[in-house]
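Enquirer: Chains as they are written, first to last, in the working numbering: chain A, 822 to 1121; chain B, 28 to 252.
There are no misleading hints in this set.
Pulled a few chain A residues facing chain B out of the computed Cβ check, cut under 8 Å:
| hint | residue |
| --- | --- |
| 1 | Lys-1025 |
| 2 | Ile-1026 |
| 3 | Leu-1029 |
| 4 | Leu-1030 |
| 5 | Leu-1032 |
| 6 | Ile-1033 |
| 7 | Gly-1034 |
| 8 | Ala-1035 |
| 9 | Gln-1036 |
| 10 | Tyr-1039 |
| 11 | Leu-1121 |
Incomplete in silico selection of chain A near chain B, CB under 10 Å:
| hint | residue |
| --- | --- |
| 12 | Glu-1028 |
| 13 | His-1031 |
| 14 | Asp-1037 |
| 15 | Ile-1040 |
| 16 | Arg-1118 |
| 17 | Met-1120 |
Simulated restraints on C-beta separations:
| hint | chain 1 | residue 1 | chain 2 | residue 2 | range |
| --- | --- | --- | --- | --- | --- |
| 18 | B | Gly-170 | A | Leu-1093 | 51 to 59 Å |
| 19 | A | Ile-1091 | B | Arg-83 | 55 to 63 Å |
| 20 | A | Ala-1092 | B | Glu-150 | 48 to 56 Å |
Since the hints were derived computationally from the structure, they do not count as laboratory data. Glycine residues also receive a C-beta, built at the ideal position from the N, C-alpha and C atoms.
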Amino acid sequence: MAFRSHPSHLPLEADSSSRFLPCIVALMVALLTFSMVGLGALHDSVGQWSGQIEGSLSIQVPPTELAKRSPEQREAALQKTVDTIIDELASLPGIARIEELSPETMAALLEPWLGPDEVVSELPIPRIIEITPETGFNFDALERQLGEIAPEAVLDDHRIWIERIADVAFSVELALTVLIIVLFGATMLSIVFATKSGFSIHHKIIELLHLIGAQDDYIARQFGRHSQRLAFFGALVGLLISLAVSAFIAWLGLRAGWPIPSLVFSPVFIALIVAIPFIVALVAYLTATRTVLRVLRQML
Amino acid sequence: MTEVVSFRNVGVRYESGPEILRDLNFSLQRGSFHFLTGASGAGKSTLMRLLYLALRQTRGEINIFGRDNIRIPRDELPAIRRRIGVVFQDFRLINHLSTFENVALPLRVAGVEYLQIRKNVTELLEWVGLGDHINAQPSRLSGGQQQRVAIARAVIGRPALLLADEPTGNVDDRIAMRLLYLFEELNKLGTTVLIATHNRQLVRRFGHTQWLLEGATLHDVTQSG
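Could you put together the complete structure from these sequences and hints?
Expert: Rendered as structure tokens:
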């Protein structure tokens, strides 16, 4: 593709139809870019949420078996079970950190529901052990070993939440991907139709050039470059507008405290966004040249 | 003299209709000057379209510059068309281009250098009296001025054959005479000229061959004029 300035043989820019194509292209590219940024942001957010949930799991040690004992005996037995679990599991591969939630932390967490510390200390509250696993940690091995050490302990690995989030995110991502494909197709079709409709205006010029001895390729290239310039300009404007509006919404959301994702996109995603005007320009060039060649082939 | 164009038993019909042109037999010699007259609808424009290769005959044989028009490969047609200058009945000027750009078009499509184009176009526009309207758009020119732009565009490439379809149709007799004198000047430079017009009064003032298209056939009316 040639984007450099050629000495124009046919200053088609002066033609009033030249305003039509960039407007259509700008609108379609803006919608397309919005959807792509939305998809990227959602994908990024889901990744972050999943990472946060996957990055921690907890073991609940209930005091049910010790309910008939005195509070002191109960606490001592519970502490022994908790210590055994921590000692045994700490040696498992893939565990970055394992520690019990302190009674103060537990009391603080339960205070909104159960009131002040004194009440909490008198109740048979389960003990919580927090584990920070490393990547590739074997949950099944942990579950098996925990069952051997303390069958009454319950492992909460948040997998059900991860699965639910993944299901919802996948559905939304799929819907957005379909929307992007449809929008991309619509953008390409609008370029095709806008380019073709422009040629009904240029039909007489094409015929004139043909009759004064212009080669088909020459005529097609003239119109191809013209459409390419218009489409590239329109796509660039559409892209910049959508990015500016996205940035403005993000800024507004941050000020208002909305849960706006960090929008750190991958290099591939950024390259894809940047490539939009070039892809659009290429489609416009090919459409224009093919349309003109088809018109010319109908002439003698 | 060399034959620039020759027609042998040429006929044209559109689809299954009657023949618009029938049994045309004539030739245009190099450097000759012909008028083609006939009433509106007689087939003058159809004959011109045959000559500038926008239409093919339904029967007969046409030779242009020694080539059988049916056998010329499509990719060779542009080179032959560049040897033919055409003044269209409706001028076919491109409205968003200036006078200069309109006249320069045939040179540009032929790949002539810009400096050469500027020199030739400026000279020609001066010659046809439009030196002061180089940057004007066609819509700002009078009918006669537009006509001269169309003529300048037709002759800028120094064509071997110049075809003009009703070039005096939109101008008064004074301007029409000036345009015809302009064609005579071009003819003196060696260009073969064929002018289609319905104005028989006007062409009688010139001593060139006159053909009449009537009843779909061509008649030489030079002597009877």
